[in-house]
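Add chains F, D and L to chain V, keeping to what the hints say.
Protein chains in written order, with our numbering: chain V, 1 to 320; chain F, 1001 to 1320; chain D, 2001 to 2320; chain L, 3001 to 3320.
Keep in mind the hints are simulated off the structure, nothing from the lab.
Think of the CB as a built atom: it goes at the ideal place given N, C-alpha and C, for glycine as much as any other residue.
Do not take every clue at face value.
Okay, the calculated beta carbon distance ranges per label pair [said to hold, decoys possible]: (1) Asp2172(D) x Ala3224(L): 41 to 47 Å; (2) Trp2314(D) x Ile1087(F): 17 to 23 Å; (3) Trp2314(D) x Asp172(V): 48 to 54 Å.
Sample of chain V residues with no beta-carbon within 10 Å of chain L, all distances over it, derived [to be verified]: (4) Pro24; (5) Gly101; (6) Thr159; (7) Thr234.
The primary structure of each chain is shown beneath.
There are 4 protein chains.
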Amino acid sequence: MSQPGAAASSNDEPQVESYSFLGPSGTFTEAALAQVPAARGKHWRSVNNVGEALDDVVSGRSVAAMIAIENSVEGGVTAAQDALTTIPGLRIIGEYVVPVGFVLVARPGTALADVRTINAHPVAYAQCLRWLDTTIPSHAHIPMTSNVTAASALLDDGTLADAAIAPPNILDHYPLEVLAEDIATNRNAVTRFVLVSRTAALPPRTGADKTSIVAELPEDRSGALLELLEQFSTRGINMSLLQSRPIGDALGRYRFVIDLDGHARDERIADALLGVRRFSPNVVFLGSYARADRIPVEHTPAYADEVFADARAWLDDLLA
Amino acid sequence: MSQPGAAASSNDEPQVESYSFLGPSGTFTEAALAQVPAARGKHWRSVNNVGEALDDVVSGRSVAAMIAIENSVEGGVTAAQDALTTIPGLRIIGEYVVPVGFVLVARPGTALADVRTINAHPVAYAQCLRWLDTTIPSHAHIPMTSNVTAASALLDDGTLADAAIAPPNILDHYPLEVLAEDIATNRNAVTRFVLVSRTAALPPRTGADKTSIVAELPEDRSGALLELLEQFSTRGINMSLLQSRPIGDALGRYRFVIDLDGHARDERIADALLGVRRFSPNVVFLGSYARADRIPVEHTPAYADEVFADARAWLDDLLA
Amino acid sequence: MSQPGAAASSNDEPQVESYSFLGPSGTFTEAALAQVPAARGKHWRSVNNVGEALDDVVSGRSVAAMIAIENSVEGGVTAAQDALTTIPGLRIIGEYVVPVGFVLVARPGTALADVRTINAHPVAYAQCLRWLDTTIPSHAHIPMTSNVTAASALLDDGTLADAAIAPPNILDHYPLEVLAEDIATNRNAVTRFVLVSRTAALPPRTGADKTSIVAELPEDRSGALLELLEQFSTRGINMSLLQSRPIGDALGRYRFVIDLDGHARDERIADALLGVRRFSPNVVFLGSYARADRIPVEHTPAYADEVFADARAWLDDLLA
Amino acid sequence: MSQPGAAASSNDEPQVESYSFLGPSGTFTEAALAQVPAARGKHWRSVNNVGEALDDVVSGRSVAAMIAIENSVEGGVTAAQDALTTIPGLRIIGEYVVPVGFVLVARPGTALADVRTINAHPVAYAQCLRWLDTTIPSHAHIPMTSNVTAASALLDDGTLADAAIAPPNILDHYPLEVLAEDIATNRNAVTRFVLVSRTAALPPRTGADKTSIVAELPEDRSGALLELLEQFSTRGINMSLLQSRPIGDALGRYRFVIDLDGHARDERIADALLGVRRFSPNVVFLGSYARADRIPVEHTPAYADEVFADARAWLDDLLA
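Okay, chain V solo, but in the shape it has when bound:
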């Protein structure tokens, strides 16, 4: 799968760097990858699921993979979070946000009044259900593997479907017609993606960074979570994500996926990481990387790098 203008390549030509994404062409994940300057002109490798994408990275088939990590409506994409937590050797190196919206498409000549059966990825279907219940109350739904496949399958022989829910750019790829636009309930929905590579040097500090970690609590008690969160609040660090995920060995045992505003080379983040590492029986560092919105992280002067350096100089002097 090559993007327009990408270098010609194949699995036989490893000399061109590959980037993996959840395909086929036309997905929101591809749109996220299109935001990555370093990926321009490289081979874009379309894969079927997040496991395959991350395996490409671990095995070296791709230098990086773009995966969805959070949806403003649906919340954490849990399979991706769990994969990043449990597969060693991975590191998030960038964040990208893509607005998500949906259109209803059909083969040319189909009228909205004729639609009875709709191809749709179940997540897209759920996001458009309010519109469908009002407009086509008696429709049937055929679940599909992706938002693009839902549309492309309308052109297959023997398809049962009259229409499909698809991304707005679908007409760039397939000879279909739009029956209705903007059919999702939440018109401001976005999906957040991360670019994942093998563990390497940290991306440089930009001043508008995030740091992602996953931490287990030492015991199953509410006080333990409070203590974990105090590691951040006592250092003036804001969390932009806190997602509990079951550890999986028993009901009620969780680990927490946490995004912090700042970079591991910020003194306050580094110090908080030390605190978390000491406190948590198991902490995974997922990476420090530039925020999608490029908005500089604000912090009070009380937590500036100089304050940390000054404190260390003070203590060194006391202990000398």
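Relative to chain V, chains F, D and L alone:
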């Protein structure tokens, strides 16, 4: 859909009470409903998704609905949590736990090597992902609404899927073949279900109770979550569940689904509910009900009912 | 001891209400009592120490006593705090602040250069020590029982002293001359006084109130103090005083004297008092009363009375 | 002033090291100094107050000074705490505990019924107040600089006092008579002393250490104190002393004298000191030194030195 031994009934015979569950017959949800003494001999109404199940309750078609709420591997069943949060007039009245395991099934004659596209409920899919990544690395996944439907849809016209993840008892219901057994990563996995009715009097306090709430934070800052959690820790209350869910209006805004050990008629729980109500701009009380494991809730004498009564008497005396 | 304009009275005439204060006439404590409208025209009873003043109240000899409770330089007047904590049946009903400053006085005709020996209450002496060390480096100090006695004793036969440290108003009472003004190191020093009566109905809420309590911690650990303070922070209550006092049975065991911004009839204060009563093995309520500065207590709308009433109505509805 | 067996010395012979203590001979402070092995055979320099004692150290007249720092009944000896906070260049190097008890003494021929005015060090006065209130209700109190001076001053010309509170051994030094024995409320009272030297290398870690600091809060709000205390609780550190002291510039502004269990060379203490230094606008390190009771400090394995070293190695690896 009637269980063996259930009273014959239909939608024309409203005189028999109905219980809704995610069907078809054979689902884990049905197994959970079989644990409810009050449901024996009643009409069991099979529905297609949690929204339909809860709508049955709201409309009065069913006296209660059994829905999955948490899986020890996958965590909160987010659609159910979100539905309970946003649909008014519902109340959790009981909790049930069912062990879960999975097999891979296909139409007769399919070989494992032929499998490319797999029907699976997203929770089941996540639980079997490690096995799938190893055995069928480039598979595609179609999310389905239930573990049984995933299998039964293999027999539908126009299906894209070659195989399905299903419960072990699936061959009792459909003419399929098992391609692989015991494919879940965690062989001790369980799913937690709740029985939901319309808002009514609280179930009586048993001493082994849970209370479920959903609370939004007043602002998007880590300190706000700390303050929310202190409402419980300052009253000696343990949380057995803390699940963040996006509010949906913007990335980074969350509400929290929380299970507390204790009943709203326990003084410390009632007092914490007051604190949460004052603190949170939006709090939903989902119910107080007996725990599935019937293990009495322990608390230190410092938080006994008498302590609260004594403090009130003391204050009343001061203010008199 | 009668103030100018007070009704003539004696211990034989109990029909005139008495107010006790640390005398003799001219002390800062008398200046604080002069701020009490209800005390005008009543008998003012001069006593020698705080124990005597409080005993007058307990026994009914006086309707109230004015005692010093905090000095901006010296901190809590610990004997007064401990007496209020341990003597049952007392209640603070008002707060008064008096600026404290000192002059050096002598018998008429004495020159500053002649001063060798100085009468001074030890606390006043400490506050003026910097000036004395500079101006009269080789002076001797005779400790006296009060700031007024230090001055009046200059007129006694056989006195050894040449000068005395005294309050600025001392010339209203004694035929002395001022050798130097404003000799205290801190020229903004004030002393805070409280008016104490027997336990009775609380003074009405004014909107500019304080509530004083003394609370022991349940165990000797830092976490316990944190939990105590959270009782206030989780209800948006500011503390204007936090003073540790040893319980006296062993080193390292403390109780805390706490002043809260607000009145026990404010819902958030009442609720915090309940929390403290439940948490602390021993809590003493010292009173709710109008602040000396009459500055209205500010609190965020999140902790308004209505919020508490609304939460109670909500819970009552849930439990109904 | 030489102890029995001390080397003969004088201010003209600086070759013998001096230790300053609050005299005169017979004080509890002298008893504390007698516990210091390094002081044996050295010159013991009797001074009149804590300021003079510390000035001896600052100026080099004495190598160290013994001062009272806390009394189990009265709490922090505030003048000593304030002096250590504000005089630069001092360091606590040891801690000593002395049991304290009191008698009432007078000039020969005085009857208890004649006593009106009592010399007493304020701490001793507070400890005997209950007995005095019962026995001599209308007494006046002259605060004196030491328990011995209180007694010896009865023999001065011009004294106002009839009696004094003194240590039981006072008759070894002065021709007085005991009017009452054992007059302190708490018969198990002790006073805690510290030995103070000029700033030098820290005493070695013994495993049974204390660290003393004084910290101001960044703002006048209860939350600030909570944040300060969290610096210790998040590192598993116990406080054995927390004493608020007014900063002196306005009512309601405090600094806190804090004793921590552990030595500044313990990783968790060092890390907490860094946190406090960053947080507090003004922090004074008073020293790390062996506890008087020699009881080893306990901490959970979660806060062992190795845990800190391991966390640093982990972070260094992440940032490499």
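ask   = Minimum Cβ separation between Thr159(V) and chain L greater than 10 Å?
value = holds, 51 Å
Looking only at beta-carbon atoms, does the pair Trp2314(D), Ile1087(F) fall within the given range of 17 to 23 Å? holds, 19 Å
Once the closest CB in chain L is found, is it more than 10 Å from Gly101(V)? holds, 38 Å
Is the hinted range of 48 to 54 Å satisfied by the C-beta distance from Trp2314(D) to Asp172(V)?
-> holds, 52 Å
**Q.** Verdict on Pro24(V) as a residue remote from chain L, using beta-carbon distances over 10 Å
**A.** holds, 36 Å
Q) Closest CB-CB distance from Thr234(V) to chain L, is it above 10 Å? A) violated, 5 Å
Verdict for Asp2172(D), Ala3224(L) (Cβ pair) under range 41 to 47 Å:
At roughly 43 Å between Cβ atoms, Ala3224(L) and Asp2172(D) fall inside 41 to 47 Å, so the hint holds.
Checked against the numbered hints given earlier, the structure breaks only hint 7 and satisfies all the rest.
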